[in-house]
Amino acid sequence: MQITSPDFKDNARIALQDVGLQKALGNVKTGFPHKRAAAIARLPEFEQLRDEARDLKNHIIEHLDLYLEAFEAKVLENGGHVHWCRTADEARQTILKICQDKQARTVTKGKSMVTEEINLNEYLEANGVTPVETDLGEYILQLRGEHPSHIIAPAIHLNLEDVSETFHAHHHKPKSMDPAVLMQEAREELRTKFVAADVGITGANFLVAETGSSIIVTNEGNGDLTQTLPKTHIVVTSIEKVVPTLEDMTLFLRLLARSATGQEFTVYNTLSTGPRRPGDQDGPEDYHVVLVDNGRSDMIASELREMLRCIRCAACMNHCPVYGAIGGHSYGWVYPGPMGSVLTPQMIGIEQAALLPNASTFCGKCESVCPVRIPLPKLMRHWRRDEFEKHLTPGAARWGLGVWSFVARRPALYRQLTRIGSRVLRSLAGKKGRISKLPLASGWTDGREMPAPSGKTFMQQWQEQQKARQSS
Amino acid sequence: MKPNNNPPVIGLFITCLADLYRPEVGFATIKLLEQAGCRVEVPEQQTCCGQPAFNSGDFSTSADIARQTIAALDGYAYVVAPSGSCISMLHHYPELFDDQDPWKARAESLKARAYEITSFLVDVLHAELPNQPYSGTVTYHDSCSGLRELGIKQQPRQLLAQLEGVELKEMEESETCCGFGGTFCVKYPDISNRMVSNKTDNIVNAGAKTLLGGDLGCLLNMAGKLQRQGHAVEVRHVVEVLAGMTDQPALGETQSSIKAG
Chain A
23 MQITSPDFKD NARIALQDVG LQKALGNVKT GFPHKRAAAI ARLPEFEQLR DEARDLKNHI
83 IEHLDLYLEA FEAKVLENGG HVHWCRTADE ARQTILKICQ DKQARTVTKG KSMVTEEINL
143 NEYLEANGVT PVETDLGEYI LQLRGEHPSH IIAPAIHLNL EDVSETFHAH HHKPKSMDPA
203 VLMQEAREEL RTKFVAADVG ITGANFLVAE TGSSIIVTNE GNGDLTQTLP KTHIVVTSIE
263 KVVPTLEDMT LFLRLLARSA TGQEFTVYNT LSTGPRRPGD QDGPEDYHVV LVDNGRSDMI
323 ASELREMLRC IRCAACMNHC PVYGAIGGHS YGWVYPGPMG SVLTPQMIGI EQAALLPNAS
383 TFCGKCESVC PVRIPLPKLM RHWRRDEFEK HLTPGAARWG LGVWSFVARR PALYRQLTRI
443 GSRVLRSLAG KKGRISKLPL ASGWTDGREM PAPSGKTFMQ QWQEQQKARQ SS
Chain B
12 MKPNNNPPVI GLFITCLADL YRPEVGFATI KLLEQAGCRV EVPEQQTCCG QPAFNSGDFS
72 TSADIARQTI AALDGYAYVV APSGSCISML HHYPELFDDQ DPWKARAESL KARAYEITSF
132 LVDVLHAELP NQPYSGTVTY HDSCSGLREL GIKQQPRQLL AQLEGVELKE MEESETCCGF
192 GGTFCVKYPD ISNRMVSNKT DNIVNAGAKT LLGGDLGCLL NMAGKLQRQG HAVEVRHVVE
252 VLAGMTDQPA LGETQSSIKA G
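Sequences listed follow chains A and B, in order.
This note's numbering puts the first sequence at residues 23 to 494.
This note's numbering puts the second sequence at residues 12 to 272.
Heads up, a few of these hints could be off.
The calculated DSSO-like cross-link candidates involving lysine-lysine, where the alpha carbons are at most 30 angstroms apart (straight line), are [as the list claims (entries may be wrong)]: (1) 164/B with 51/A; (2) 459/A with 198/B; (3) 51/A with 198/B; (4) 400/A with 164/B; (5) 220/B with 454/A; (6) 412/A with 164/B; (7) 115/B with 478/A; (8) 400/A with 57/A; (9) 42/B with 220/B; (10) 51/A with 122/B; (11) 215/A with 197/A; (12) 45/A with 57/A; (13) 454/A with 42/B; (14) 122/B with 57/A; (15) 31/A with 124/A; (16) 115/B with 180/B; (17) 45/A with 253/A; (18) 42/B with 489/A; (19) 400/A with 115/B; (20) 122/B with 42/B; (21) 197/A with 96/A; (22) 220/B with 459/A; (23) 220/B with 400/A; (24) 198/B with 400/A; (25) 122/B with 45/A; (26) 220/B with 453/A; (27) 478/A with 220/B.
These aren't lab readings, by the way, just hints derived from the structure by calculation.
The task is simple: from the sequences and hints, build the whole structure.
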């Protein structure tokens, strides 16, 4: 997909004026956070589970090689295949090769952000393999030629009218505004594709080292059909998804569903353990796991290490006031919101993505809801530091910061300049208590008044009082 | 005032915004501390806490300012500021120094002594406020740093509840960011503007006469937006009400009796 992160500000401006998008975003704000809060209220040990999950993830990251190799050994034992891919390109080629070996013409796909990350669909299409998205949201987006704007609710930026029009244009059926009718249409369209597909590709929410299983959680059941009907099942996932045991997996499932959608448990929790065994009623003949690194092992040795705890629940973006104002597409690449503002610079480079970690007030809401307690503001600040130290900060901002820091390190000079500043701002306000237009501060005064100071700084008044006290 | 022969000496960290924009906040803070039996000094060598540099990724300047601030605030039993945001920044100082650096221990010491004013009054002093003549309805915005980094939520409400004339009318989403975010509001004015508009909707819907909060950055942002939109809600720092110092005009308001210079 095309990267538009460098245009973040323009993207955001357009998004703020997009009436339909703003309506759709209203649903994010009222939907997910309220449901999450209600679900957590019903689970008194939730905070304790967050601590356990954080500690367990830290342990896994510390021993990632061990658990991945244990997982691989089990998959092989079960008769499956494991492919280690350092880069997005290696992953794409590996997946295409499997499809070509099977002479696949169509592949069905369950929802997977890692396949977005490696830009799989375009690559498969360019090489003669047709991918069919089967998650309802992803299916709608594929028809529209769009990418997800949210990591668990990919079409959250759309309204019912949009879906109705898209289906009408592609399904050649009477236009309907009834969600049940639209759902049925999609179901009929997809059913034939499920059966016809040569390969099914899914992601994985977790990999279980103990058993060599992959698990996907969905609310539609499309993933089950994707991974059981075709003869070949390819799991495309990233290396940090591994957990030691099934028991550990359940800890994360409890946190994931509540943090993501406010459900106690996701509707379908489907484990895949190798290909079909003799006597199994269904399942693929071939089972492949494509393990994507794509910069993650570099993160282990960096300050971004804590980001590898992420379980992709989307609570950070559901609660982010910036995401809530502009939606996911504004961020200009695969992962939006706070988690994306940390991951995207790692994956496409800080040069292209610097506006993302800056687009936060550091209100800390994301960190406060993260089920694995990732300090997202701290990690965004890490990128700001990287940007500053690489001299990528825009000239005007760097100059302003330079002047300010020169003054802030010289208290006597600072005192004099703030005295002048207070007087100047006071006089600019005239008889009003505020300034409506201020040169060099239009970013402030275009949208709001600037309350004016009283004309004397606190320090000035305090010193005058102290002198008066001493002389009296 | 309680008689106290050995009152704790507080170093007031005035904060750059209170110093420049709202000196009354400094005097109200001093009054509250003195009422509670403290002696207050204002160290000369302080400027800003350094948060603009820290959040812009300039850690070298942040460390310079941290050393200057740590030195200025040395020796005080407690350091108190009328801002959760600036106190949070003081709490970040230890991150700026390596473990071997002697400044690290000094930064830790400052962190242990540094409090936001309402938290200090409630959590440390367990202060009982003298009643104030102020009467009216107020709504309270929870500023992000104070709320999430320092756990300040009930403290200002407990203090306001001690004043007979104050009626608190909570707004919806009082914990949602107002869109100030320091340099964020000028770097991303469009997004900030939307966030503060959402906030002012909630403020106006609360139906209170006065908006209170504990951080001037947020208060200037919300006051500026309310005034641009033509709303009559007045905006004050919570200490002004707690100290009974509401004679002066609210933020962005004016009185003919107050003259420049």
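Hints, one by one, checked against the model:
{"no.": "1", "hint": "164/B with 51/A", "result": "holds (22 angstroms)"}
{"no.": "2", "hint": "459/A with 198/B", "result": "holds (17 angstroms)"}
{"no.": "3", "hint": "51/A with 198/B", "result": "holds (24 angstroms)"}
{"no.": "4", "hint": "400/A with 164/B", "result": "holds (22 angstroms)"}
{"no.": "5", "hint": "220/B with 454/A", "result": "holds (20 angstroms)"}
{"no.": "6", "hint": "412/A with 164/B", "result": "violated (39 angstroms)"}
{"no.": "7", "hint": "115/B with 478/A", "result": "violated (36 angstroms)"}
{"no.": "8", "hint": "400/A with 57/A", "result": "holds (27 angstroms)"}
{"no.": "9", "hint": "42/B with 220/B", "result": "holds (24 angstroms)"}
{"no.": "10", "hint": "51/A with 122/B", "result": "violated (35 angstroms)"}
{"no.": "11", "hint": "215/A with 197/A", "result": "holds (22 angstroms)"}
{"no.": "12", "hint": "45/A with 57/A", "result": "holds (19 angstroms)"}
{"no.": "13", "hint": "454/A with 42/B", "result": "holds (28 angstroms)"}
{"no.": "14", "hint": "122/B with 57/A", "result": "violated (37 angstroms)"}
{"no.": "15", "hint": "31/A with 124/A", "result": "violated (45 angstroms)"}
{"no.": "16", "hint": "115/B with 180/B", "result": "violated (43 angstroms)"}
{"no.": "17", "hint": "45/A with 253/A", "result": "violated (42 angstroms)"}
{"no.": "18", "hint": "42/B with 489/A", "result": "holds (18 angstroms)"}
{"no.": "19", "hint": "400/A with 115/B", "result": "holds (19 angstroms)"}
{"no.": "20", "hint": "122/B with 42/B", "result": "holds (23 angstroms)"}
{"no.": "21", "hint": "197/A with 96/A", "result": "violated (50 angstroms)"}
{"no.": "22", "hint": "220/B with 459/A", "result": "holds (27 angstroms)"}
{"no.": "23", "hint": "220/B with 400/A", "result": "violated (37 angstroms)"}
{"no.": "24", "hint": "198/B with 400/A", "result": "holds (19 angstroms)"}
{"no.": "25", "hint": "122/B with 45/A", "result": "violated (44 angstroms)"}
{"no.": "26", "hint": "220/B with 453/A", "result": "holds (23 angstroms)"}
{"no.": "27", "hint": "478/A with 220/B", "result": "holds (27 angstroms)"}
Violation of the numbered hints given earlier is confined to hints 6, 7, 10, 14, 15, 16, 17, 21, 23 and 25; the remaining hints are satisfied by the structure.
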